[in-house]
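Below, each chain spelled out in residue letters.
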Amino acid sequence: MTTTRRTALKGLAGAFALGAGGVHWDVAQAQPAAVKRGGTLNFAISAEAPHYDPHASDTYATLHLAAPFYSTLLRFNLAKFPAVEGDLVQSWTVAPDLMTYTFKLLPDVKFHSGDTLTSADVKATYDRLRNPPQGVVSTRKATFSDIGTIETPDPLTVVFKMKAVNAAMLEHFASPWNTIYAAKDLATDPASPRTKINGTGPFTFVEHVKGSHVAGKKNDNYFKKGLPYLDGWKGIFTLQAAAMLNAVQGGQVLGEFRGISPAERDRLVQTMGDKIRIEESSWTLNLLVCFNVDKKPFDDVRVRKALLLAIDRWGGSTGLSRISTLRSVGGVVRPGSPFATPEAELVKLPGFSKNIAASRAEAKKLLADAGHPNLKFTLWNRNLAMPYTPAGIFLVDQWRQIGVEVEHKQSDTGAYLATMNAGNHDVAIDFSNLFMDDTSLGLAKYLSVSRAPENRSRSKDEQLDKLFDDHMRERDPEKRKALIRAFEKRLFEQAYQQPLLWWHRIVPTHKVLMGWQMSPSHNLGAQLEGVWLNA
Amino acid sequence: MTMAAPALPTPTTRQPNAFVEFCRQQPLGAVSFVIIVLMMFAGLFSPLVAPYDPLTIDFASLLAAPSWEHWCGTDAFGRDICSRLIYGSRTALVIGFTSSFLGSTFGAVLGVASAYFGGKMDDWIQRFVDILLAFPLIVLALVVVAAFRKFVVGGVDVNLIVAIAIPIVPRVARVVRAAALSVRVMPYVDAARAAGYSHTRIIFRHMAPNVVAPYLIMLTAFIAQAILAEASLSFLGLGVTEPTAAWGLMLSGNAADFYREAPWMILFPGVAISVAVFAFNLFGDSLRDFLDPRFKV
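Quick mapping for you: the protein sequence lines, in order, are chains A and B. For the first sequence, the working numbering assigns the number 1 to the initial residue and increments by one for each residue that follows. For the second sequence, the working numbering assigns the number 1 to the initial residue and increments by one for each residue that follows.
I should point out that these hints are in silico values taken from the structure, not numbers from a laboratory. Predicted model, so just to flag it, every value in this text is computed and none were measured. Please note that a few of the clues may not be correct.
[As the list claims (entries may be wrong)] Here chain B is said to cover these stretches of chain A; the calculated rule only asks that three of the stretch's residues, wherever they fall, bring their Cβ under 8 Å from a Cβ of chain B: (1) 181-193; (2) 252-264; (3) 353-364; (4) 383-389.
[Said to hold, decoys possible] Here are the simulated SDA-like cross-link-like pairs (lysine to any residue), alpha carbons at most 25 Å apart as the crow flies: (5) A:K210 - B:K150; (6) A:K296 - B:F151; (7) A:K376 - B:L44; (8) B:K150 - A:G423; (9) B:K150 - A:P50; (10) A:K163 - A:T100; (11) A:K296 - A:A183; (12) A:K376 - B:K150; (13) A:K295 - A:S411; (14) A:K296 - A:D461.
Using N, Cα and C, we set each Cβ at its ideal position, and we do this for glycine too.
So that you can see chain A by itself, here it is in the shape it has in the complex (with noise of 0.2 Å):
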């Protein structure tokens, strides 16, 4: 593996990060000496994922689903985070300038179908992220198309060339998200991942039973020998937040990896004692308020903006972080971390001033001059407790102060990533779904539709663009920063989408589960290769 200049910087920023971020996870998590292998996990999934398919996810649901049976190029150390280690790779090397990367793939790979990985393959799924066919939704085209050409010079060696430079490219190739998928298959049917499974990862798909659960087996041609631990996994679907406790608490799942609310951690505890392990950090998670600017009278930004001058962040804050893994009052970038506008800039903001009585004053009179005084519309929502409910009664009670009258709907997440896909909501709650703190990731989401179809707010708007595309070509700190904070300015005035509230992450596992890493994203970790049962 080679480590360049730009890769410990890297480090060393994310590792500022979690740091300012305050993160406390017990990363040395104590381990007898010997692994004990064999058992099933059972785990808690609190959603279902619509389809199989990573690369046109952003939901959590579709990972936990979805990654014990995948592979990516590159991954994240968890125990370092956000350093990054191969995963189908056994060394890279990246050009000085930026340019290049070429990775060289671990020989002897298995797809779960018995065929043999080449860079074929990889050169087949990172084709299908950045430019994705007819009938195929990639969400990370845009994080993608700086890519140029991607070379297969032997059937080991991929070889990326830059149109541009990306400086979180590394760290782009160990996204969760890019699922190495068979070339044979792609050429097949290019959608087939979304309904079918076939990985080279640690365990193989034995079934998903809608409603109830998925399961997977221990591959036992996994090329990382003496890997997996477990002889199979269950993951199951818990819906509702209060079968999901008692589930954990009963003992029938052995985990939930996604996060809980500081009540929900505060009953296992008083329940459960020392049985029951506890791991807290920040999380690269936001909701968004979004706009639909496709409809009328969101179309109008004085609308628009009205909304989020309505919003008391700063006081719902301080309810909502005792009650639901909401937390933090943030832009864009997660508070905390080197990018994040600090609080004295993000107080002078659109929806982030301290003085509500006077944004509320705004917000009625800009409703007045639009011509809606009395708006009325319907705020799309996920049907998930925490923390999608309280923040759906948090919005409807604060544009109620307003003198606007909104319908809460809340729908399963197939249903409401559909109807945020297309177009069909007046307004929704969203969610920005990072796995590390770039903001060549976390701004991606605001880029104009055509070039992020993850952009509900579904917004065109070339000034964003082109400040994105500046901000990623950008070396120097200062300058990023403020090309990141005219972004975050722009974005607000034009208020197509907000963030709400970043998350807190704790996750509850029984003591008896090992390996399993925590981390400040619940797309991470997911793979289960190194979990393990200490019964």
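Use these hints to put chain B onto chain A, whose structure you have.
Same frame as chain A, but now just chain B:
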């Protein structure tokens, strides 16, 4: 020559008022009637009766215990539970009354038609009723709610009402059919048929009015069932959605997280559901006792 019309005898005593008679004969029924009237009053005049807005969040009063300021305490969002109970009675009554009325009325028509036509039609209707009766009310309602999306009109989910009404239909149809069978053999029904009246006219003008008593009894009894079903569906996340004030919903969500430190979050909605169900059941029973001549012997 003119003839004076014979004078009709003047009643010497007034007929007792039916309501007063009901209260005299069924004191428990009268008490339950008062509770129902109070509920209806609270539901109709919620904005005047409730001390606070049921949707307003107050994080400063989060999980406050019952006090003079908040009689029933506050929930995890600092919302006044008493106000939410008062507004919740509106949700319970609207959904309870509407679904019970729809289910009972359709069931009554089906029961009368089944009894009137008899033969194969009776067989088919009764076998269909048997199938529906095989499912417990809440299970059938769950299936219907899960099968159809929400269809909100005027803040009320029409599909939820239909979901609760459907399981009521066979239960009412079976009881009303039994009553209608005895009416069908009455001479005035034969006379109407002989006079060439249409089936519709005979069913609605001559048979249906004579099964009003069991219909009314079932209607009131099923309001209680419908309120309970609405609360159960809301508790399961399939009924009304937050932040609407609804008793079943108040028992779910954050209540499950905080009931240990704030037991009033589940205590008062639970009591409200119990009292409402008890009142409608008692009223239905009393109405049956009052209207059914067999109970007057």
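We went through each hint and held it up to the structure:
1. 181-193: Violated: only 0 residues of the region 181-193 of chain A have a Cβ under 8 Å from chain B.
2. 252-264: holds (count 3)
3. 353-364: Contact hint for the region 353-364 of chain A vs chain B: violated, 0 residues under 8 Å.
4. 383-389: Coverage by chain B holds here, the residue count being 3 at a Cβ distance below 8 Å.
5. A:K210 - B:K150: Distance ~21 Å between A:K210 and B:K150 Cα, so the pair holds.
6. A:K296 - B:F151: holds, 22 Å
7. A:K376 - B:L44: holds, 23 Å
8. B:K150 - A:G423: Holds. B:K150 to A:G423 sits at ~19 Å (cutoff 25 Å).
9. B:K150 - A:P50: holds, 20 Å
10. A:K163 - A:T100: Holds, because 10 Å separates the two Cα atoms, which is no more than 25 Å.
11. A:K296 - A:A183: violated, 43 Å
12. A:K376 - B:K150: Distance of about 18 Å is within 25 Å: holds.
13. A:K295 - A:S411: holds, 20 Å
14. A:K296 - A:D461: Judged against 25 Å, a Cα distance of about 18 Å means the pair holds.
Hints 1, 3, 11 from the earlier list are contradicted by this structure; the remaining hints agree with it.
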